[in-house]
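Engineer: Listed below are the residues making up each chain.
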Amino acid sequence: MNDSAEQPTYNYLTAGDTVKSWLLTVDHKRIGVLYLIAMTCFFLVGGTAAGLFRLELATHNPDVLSNDTYNKLFTMHGIIMVFFFLIPAVPGVLGNFLVPLMIGAKDVAFPRLNLASWYIYMLGGSFTLLAVLLGGIDTGWTFYTPYSSVYADSNVILAGTGVFITGFSSILTGLNFIVTIHKMRAPGMTWMRLPLFIWAQYATSIINILGTPVIAITLLLVVFERAFGFGIFDPARGGDPVLYQHLFWFYSHPAVYIMILPGFGVVSEVLACCSRKRIYGYEFVAFSSLAIAAIGFFVWGHHMFTSSQSEYAALIFSVLTYLVGIPTAIKIFNWTATLYKGSIELSAPMIYTLGFIGLFLVGGLTGLFLATMAVNVHLHDTYFVVAHFHYVMVGGMMMAWLAGLHFWWPKMFGKMYNEFWARIGAVVIFFGFNFTFFPQFIAGYMGMPRRYHVYAPEYQPFQMLSTTGAFFMGIGLLICMVTLISSLFKKGYCGRNPFKATGLEWNQAASPPNTHNFTAPVVVDVEAYDYTDERIYQDA
Amino acid sequence: MSHASSDTEHKPYQQHHFESMQQQTQATLLGIWLFMAQEILFFGGMFAAYTVYRILYPQAWAMGAASQNVWLGMTNTIVLIGSSVSIVMAVHEARHNQKMKVLKWFAITLLLGSVFFGIKSIEYGGKWDHQMVPGLNWNDHHALETINHHLAEDAQIAELPKGIQLYYSLYFAMTGMHALHMVIGFGLAFWIMGKTAKGCFNEEYYPHIEYFGLYWHFVDVVWIFLFPLLYLI
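Sequence order for the protein chains is R and V.
Under my numbering, the first residue of the first sequence is numbered 1, with each subsequent residue one higher.
Under my numbering, the first residue of the second sequence is numbered 1, with each subsequent residue one higher.
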């Protein structure tokens with residue numbers, strides 16, 4: 001241990017301080033930081049929208065927003081959070097930063113393509129924000145036809161184009177990661193020695209490449225339909241809106257795994273480090289990511305049980321949906337088994353991670369309720385569904401994202417945040433989240449439909465609890481942001497490996513790493529998560 | 001910063017983040033194939049829509065195909081296959097570092113591509129003139145007249161089959177997206193011809209030419225699916 005070591009003066013952050021050196025960088029670490037900044041802005045926009053309509057929903061009467069504005073706000077919240085935060089957050093920020101570092105490469109396989117992906121993301125984001133500024137869009141994030149293609153009187157073309165463009169950012173990032181993981185591993189870094197974060201990124205990238213193009217062409221057809229009147233999904237000319245739903249969910253269900261799989265990767269890393277143990281059943285956790293990616297492509301019909309989809313198709317989709325529960329349960333069981341007799345340290349990333357496991361479990365199990373056709377018919381389009389996917393997306397993915405951000409923050413910036421306040425932030429977010437979304441399960445079960453601006457008075461207590469919870473979640477996120485950002489102005493240096501974690505990024509690269517990542521050639525001679533290895537306890 | 005540049009094997013066209021030329025070649029090749037995979041899924045969305053609507057509206061699809069000029073489509077198919085042959089020749093010459101011959105075969109490829117565009121624009125123009133572009137100038141009366149014009153005396157139809165506009169929407173979407181890929185191919189071809197002329201390639205380093213060949217074949221294969229699906233069956 002040598003905490004008094006000086007921070008290396010030359011690193012990727014100090015390699016250039018002009019704006020140009022950032023905007024034209026091909027360094028995967030700097031691109032990760034670019035994503036971090038952009039994505040945080042989108043997150044704040046999407047979160048503000050949520051805050052506003054949560055305020056409106058506190059009472060059953062219309063108070064703050066007109067129904068039109070309400071529709072536009074929940075649409076904007078959905079589009080921005082799904083396409084500009086949940087999907088790119090972990091791959092764009094942590095994936096870009098960590099994939100080459102974790103496998104012992106100097107950069108991703110295609111550095112310039114990587115920078116292009118960020119610009120594509122920003123271009124798509126600009127289109128979407130322009131749609132918002134020019135009056136918004138009110139179709140819901142799903143762009144269901146024929147409302148979106150024929151009837152909606154809002155900026156569908158702009159927002160659809162924005163999402164279409166952003167899709168290529170995901171596709172190209174996925175392509176880059178797959179090639180990097182296949183071809184750029186350091187000598188000795190075999191597949192079975194890869195950190196589970198890499199396995200998760202790999203599985204995510206497969207979905208990105210095979211799923212995203214389908215929504216791209218689907219949204220393009222909707223844009224054509226609006227712009228030129230093509231009529232491919234227009235019932236008046238024989239078009240089938242249910243076909244749109246099939247094409248949309250063929251991507252958008254796997255997209256749920258694009259959002260959550262990288263989170264699984266983060267959880268595996270943090271859990272191993274903070275219980276000082278190798279992940280129990282490494283191979284099972286690794287391959288369950290691929291299994292989720294594969295099965296995830298064959299379950300999309302469970303979003304359409306109440307559409308005109310055939311009953312037999314629905315039956316098969318229901319059974320296949322249960323199958324996803326198997327690899328997911330393997331992960332949860334193996335993580336729990338890793339904790340058993342581990343030396344658990346409740347640091348801030350670990351609190352987020354344990355929160356993740358609990359909340360994701362609730363989200364996953366209620367997913368099985370919804371996969372049951374008879375239950376689904378009752379719960380379809382109610383707040384139960386809203387609560388379910390927020391437990392997965394926010395309780396799961398956002399918690400994992402914050403766990404990862406705290407865990408690798410010292411590696412990214414060379415500074416350690418205030419641990420006390422980081423823990424406070426984690427706990428406040430955890431409780432705030434549960435207060436926000438747990439009441440929605442009950443309201444939904446009682447029959448409250450989603451996306452309503454004015455609702456029956458008997459649901460008001462649940463909505464009031466939700467709004468109060470959202471307020472606390474906002475406070476928690478504020479504490480978290482202030483804690484992280486203020487750490488950047490601290491004097492001290494966090495050391496190379498403050499968490500005493502395994503992995504090349506901790507043990508062979510400085511904090512922050514230099515531009516070419518490693519100063520000496522990397523050769524891997526240990527298995528993943530070998531917490532008995534003496535070398536991780538020696539700081540450089 | 002020094003980064004292992006003492007390596008005497010380090011070729012000028014090896015990018016610094018790769019350890020060896022072999023690694024660079026394998027990585028870029030895998031990247032191209034993954035790109036093709038996403039392209040297949042991109043077109044796949046439209047092929048799925050085609051399949052669903054074809055099953056829903058067999059009559060419309062039969063009439064739609066009947067109203068196409070098979071000979072123009074056939075000629076375009078042959079022209080595109082010819083351009084695939086010529087790009088194979090370009091790759092072959094690149095392997096022997098025959099700069100001028102590479103440029104010649106690229107020029108022939110682009111020429112054949114232009115013939116394709118010429119014929120395509122005749123077809124599009126005809127549909128525009130007959131007011132058969134859904135959304136923009138569709139006219140039931142003219143569409144019926146045009147389709148009947150292509151049908152035998154005893155097979156004339158009195159009214160348009162349901163879903164006929166869907167056939168034409170998909171026809172324009174699919175062939176239009178294919179044409180867009182060819183336009184992008186033209187852009188890439190000019191860029192690579194410029195690099196060839198400047199002498200950026202030699203017998204062991206010509207990845208841009210080889211990968212352009214793969215891309216061009218892919219675009220060709222898409223057309224080979226589109227032609228029977230839209231003109232013949």
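In case anyone wonders, no lab produced these hints; they're calculated from the structure.
On a predicted model such as this, the values are computed, not experimentally measured, just so you know.
Check each hint, because a few of them may be wrong.
[Said to hold, decoys possible] Computed cross-link-like contacts, SDA-like style, restricted to lysine to any residue with a CA-CA straight-line distance of at most 20 Å:
#1 Lys127(V) with Phe228(R)
#2 Lys162(V) with Lys490(R)
#3 Lys490(R) with Pro111(R)
#4 Lys162(V) with Thr9(R)
#5 Lys127(V) with Gly229(R)
#6 Lys11(V) with Asp381(R)
Engineer: Does each hint fit the structure? Answer for all of them.
Structural biologist: Taking the hints in turn, this is what the structure says about them:
no. : hint                     : result
1   : Lys127(V) with Phe228(R) : holds, 16 Å
2   : Lys162(V) with Lys490(R) : violated, 70 Å
3   : Lys490(R) with Pro111(R) : violated, 31 Å
4   : Lys162(V) with Thr9(R)   : violated, 72 Å
5   : Lys127(V) with Gly229(R) : holds, 16 Å
6   : Lys11(V) with Asp381(R)  : violated, 60 Å
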